[in-house]
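In order, the protein sequence lines correspond to chains B and R. With the working numbering, the residue at position 21 of the first sequence is 21, and numbering never jumps. With the working numbering, the residue at position 130 of the second sequence is 1130, and numbering never jumps.
Worth double-checking, as some hints may not be accurate.
A few chain R positions that, by computed beta-carbon distances, are all more than 10 angstroms from chain B [to be verified]: (1) Ala1004; (2) Pro1008; (3) Leu1024; (4) Ala1045; (5) Met1046; (6) Asn1056; (7) Arg1065; (8) Ser1084; (9) His1090; (10) His1091; (11) Cys1104; (12) Leu1115; (13) Trp1119; (14) Ser1141; (15) Ile1142.
FRET-style restraints, in silico, Cβ to Cβ [said to hold, decoys possible]: (16) Lys25(B) to Thr1121(R): 50 to 58 angstroms; (17) Ser72(B) to Thr1023(R): 50 to 58 angstroms; (18) Ser72(B) to Ala1004(R): 58 to 66 angstroms; (19) Asp46(B) to Thr1023(R): 18 to 26 angstroms; (20) Gly1128(R) to Met55(B): 44 to 52 angstroms; (21) Glu1018(R) to Glu54(B): 26 to 34 angstroms; (22) Arg67(B) to Leu1088(R): 53 to 61 angstroms; (23) Leu1013(R) to Asp44(B): 20 to 28 angstroms; (24) Ala1004(R) to Met55(B): 34 to 42 angstroms; (25) Val19(B) to Thr1121(R): 44 to 52 angstroms; (26) Val33(B) to Leu1088(R): 28 to 36 angstroms; (27) Thr1023(R) to Leu49(B): 21 to 29 angstroms.
If you're looking for bench data, these hints aren't it; they were derived computationally from the structure. Quantities reported herein were computed from a predicted structural model and do not represent experimental measurements. We put the beta carbon where it would ideally sit given N, CA and C, even for glycine.
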Amino acid sequence: MIGAQDAPEITKAAALVGVGGVLLKFLQWLLRVFDARRRVQHDDLDILLKAQAEMREELRKDNEALRARVESLEARATALEDELRKARARVTELEREREELIATKAEIEADLRLLKRTLAKEHGTL
Amino acid sequence: MNSALVRPLILRLENVAEAVLKTLVRTDTTLIEFQSSTTFLAFAAMMFSGEHLFSNLPIYGAMQRFASERVWGLVCLLLGGVQSAANLYHHRHWRRTAAFGAACGWAFIAILIELVTPWTTALPVYAGFSLMQAIVYLRLSIPAPRPWVDPE
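Build out the structure end to end from the sequences listed, making use of the hints.
What follows is the structure in structure tokens.
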């Protein structure tokens, strides 16, 4: 080994490499600072995304519950419509029976009147 | 200073830094490390194989005046060996350290070539090697890679 005094280029190159190394370390520090800042933003974004996902899940459950409630109400409404239709049919039937009964009553009254008249005639003849 | 003028500039710089960081995070460095370590090991093998490499190439004259070929061969073996082992065992800290050493090593050769024989085609080659190792070093300086989430 001879030494640096015999090779000034080596000394110059080593010095420049040293400066370059320091610059590289500075760049590394800068990058790490920026990355740390980005990570904080990333964490915030994670929290927001998580909250959004939770909210979406809650809304989905609420939506499902409401949909089930609507379906139940629709089924109840259909059942009530059926009952109403049956009740109306029954009312129609009862009205028909009532009219028949009124007609029968009128016939019976007419028969009674005829019978009374007949009886009165027979008693009159007796 | 007027913040209305400075703020867009800072935002622009932040966007550039974000793009650089994004590119770095998505870059795989293994092949670049392999190239550097094997080249250093090949240099070491050539320097150990005979005492005539430096005399054949005038650009290494300055290196020969400073130390013998075997000493430089030993340095190359150390740089290449450490980088190879670190790459092989996926040791992040040593990979980063070896990349820093390799960046300095290639830069040293590039600067020396420029000082001894200015403006040869060897300059961009070795400068490129050095730059790639610097990128590897910066890439490995970002702790624990995690999936990138685009803010948009």
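Report task. Check each numbered hint from earlier against the structure, then list the numbers of those it violates in ascending order. Result -> When the structure is compared with the hints, numbers 3, 7, 11, 12, 14, 15, 16 and 25 turn out to be violated.
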